[in-house]
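Between the sequences and the hints, there should be enough to build the whole structure, so can you do that?
Line order of the protein sequences matches chains A and B. The numbers in this note's numbering rise by one with no breaks, and the one at position 100 of the first sequence is 100. The numbers in this note's numbering rise by one with no breaks, and the one at position 82 of the second sequence is 82.
Rather than coming from a laboratory, the hints here were simulated on the basis of the structure. This structure is a prediction, so every number in the text was calculated from the model and none was measured. Certain hints may be false.
[Said to hold, decoys possible] Here are the simulated DSS-like cross-link-like pairs (lysine-lysine), alpha carbons at most 30 Å apart as the crow flies: (1) Lys38/A / Lys100/B; (2) Lys100/B / Lys3/A; (3) Lys16/A / Lys38/A; (4) Lys3/A / Lys38/A; (5) Lys38/A / Lys70/A; (6) Lys100/B / Lys16/A; (7) Lys70/A / Lys100/B; (8) Lys100/B / Lys9/B.
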Amino acid sequence: AQKVTQAQTEISVVEKEDVTLDCVYETRDTTYYLFWYKQPPSGELVFLIRRNSFDEQNEISGRYSWNFQKSTSSFNFTITASQVVDSAVYFCALSEASSGNQFYFGTGTSLTVIP
Amino acid sequence: NAGVTQTPKFQVLKTGQSMTLQCAQDMNHEYMSWYRQDPGMGLRLIHYSVGAGITDQGEVPNGYNVSRSTTEDFPLRLLSAAPSQTSVYFCASSSGGQGKTEAFFGQGTRLTVV
Numbered sequence: 001a002q003k004v005t006q007a008q009t010e011i012s013v014v015e016k017e018d019v020t021l022d023c024v025y026e027t028r029d030t031t032y033y034l035f036w037y038k039q040p041p042s043g044e045l046v047f048l049i050r051r052n053s054f055d056e057q058n059e060i061s062g063r064y065s066w067n068f069q070k071s072t073s074s075f076n077f078t079i080t081a082s083q084v085v086d087s088a089v090y091f092c093a094l095s096e097a098s099s100g101n102q103f104y105f106g107t108g109t110s111l112t113v114i115p
Numbered sequence: 001n002a003g004v005t006q007t008p009k010f011q012v013l014k015t016g017q018s019m020t021l022q023c024a025q026d027m028n029h030e031y032m033s034w035y036r037q038d039p040g041m042g043l044r045l046i047h048y049s050v051g052a053g054i055t056d057q058g059e060v061p062n063g064y065n066v067s068r069s070t071t072e073d074f075p076l077r078l079l080s081a082a083p084s085q086t087s088v089y090f091c092a093s094s095s096g097g098q099g100k101t102e103a104f105f106g107q108g109t110r111l112t113v114v
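As structure tokens, this is what we get:
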């Protein structure tokens, strides 16, 4: 079974629109960590945020915000006032305390911001 | 800061050939891992290491070998390349165990097996 599901394969928005990328995870661990990574067209993977299972506070960093809800096993990512430079593939990932250093990645959401 | 360095960036192999993908990190991280990225499948873990001399299999280990003789280096060996191993390979390192810290990734190696 897929531990991390990103149901949105591709999203297109017009510049300055807000966009939310969905991430649903599955785990039986009580201690786990959630991550978002960005992969721009150049191909590298850029770390955006880490969240542990004991911290459900939402976080805002500039135009980026993250909504972590344990009740729905979701860790959604919102970009406010999107820009062309936000065009990338975004990956959500899960790491469980019981499985050591193993990261489980979702299949990614490709975001295109149209100028 | 070099971070995680992978070589080569691009490689074309013939079926049956062997090769080694190199990965080095200069952050003194204990944890290193190899992933492959295929279209529509995200990143899948091939092998990982929790420290020098210790390695373990991930989700898709068949056809690959690893070793970890030093903290800095974690090479990935393809024993007999197959077209199914055409992929983009990423090496990653992190300082904390159990996913406590983020993983830092190399720039990737695009491998084509013909």
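Hints and how they fare:
1. Using a Cα cut-off of 30 Å, the hinted pair Lys38/A and Lys100/B holds, with the two alpha carbons roughly 19 Å apart.
2. Restraint check: the Cα-Cα separation between Lys100/B and Lys3/A comes to about 18 Å, which is no more than 30 Å; the hinted pair holds.
3. The hinted pair formed by Lys16/A and Lys38/A meets the criterion: a straight-line CA distance of about 19 Å does not exceed 30 Å.
4. Of the pairs offered as hints, the one joining Lys3/A and Lys38/A holds, with about 19 Å between alpha carbons and a cut-off of 30 Å not exceeded.
5. With a CA separation close to 23 Å, the supplied pair Lys38/A and Lys70/A stays within the 30 Å bound.
6. Our distance criterion of 30 Å between C-alpha atoms is broken by Lys100/B and Lys16/A, whose separation comes to about 34 Å.
7. Proposed proximity of Lys70/A and Lys100/B is supported: the alpha carbons are some 18 Å apart, at most 30 Å.
8. With a CA separation close to 29 Å, the supplied pair Lys100/B and Lys9/B stays within the 30 Å bound.
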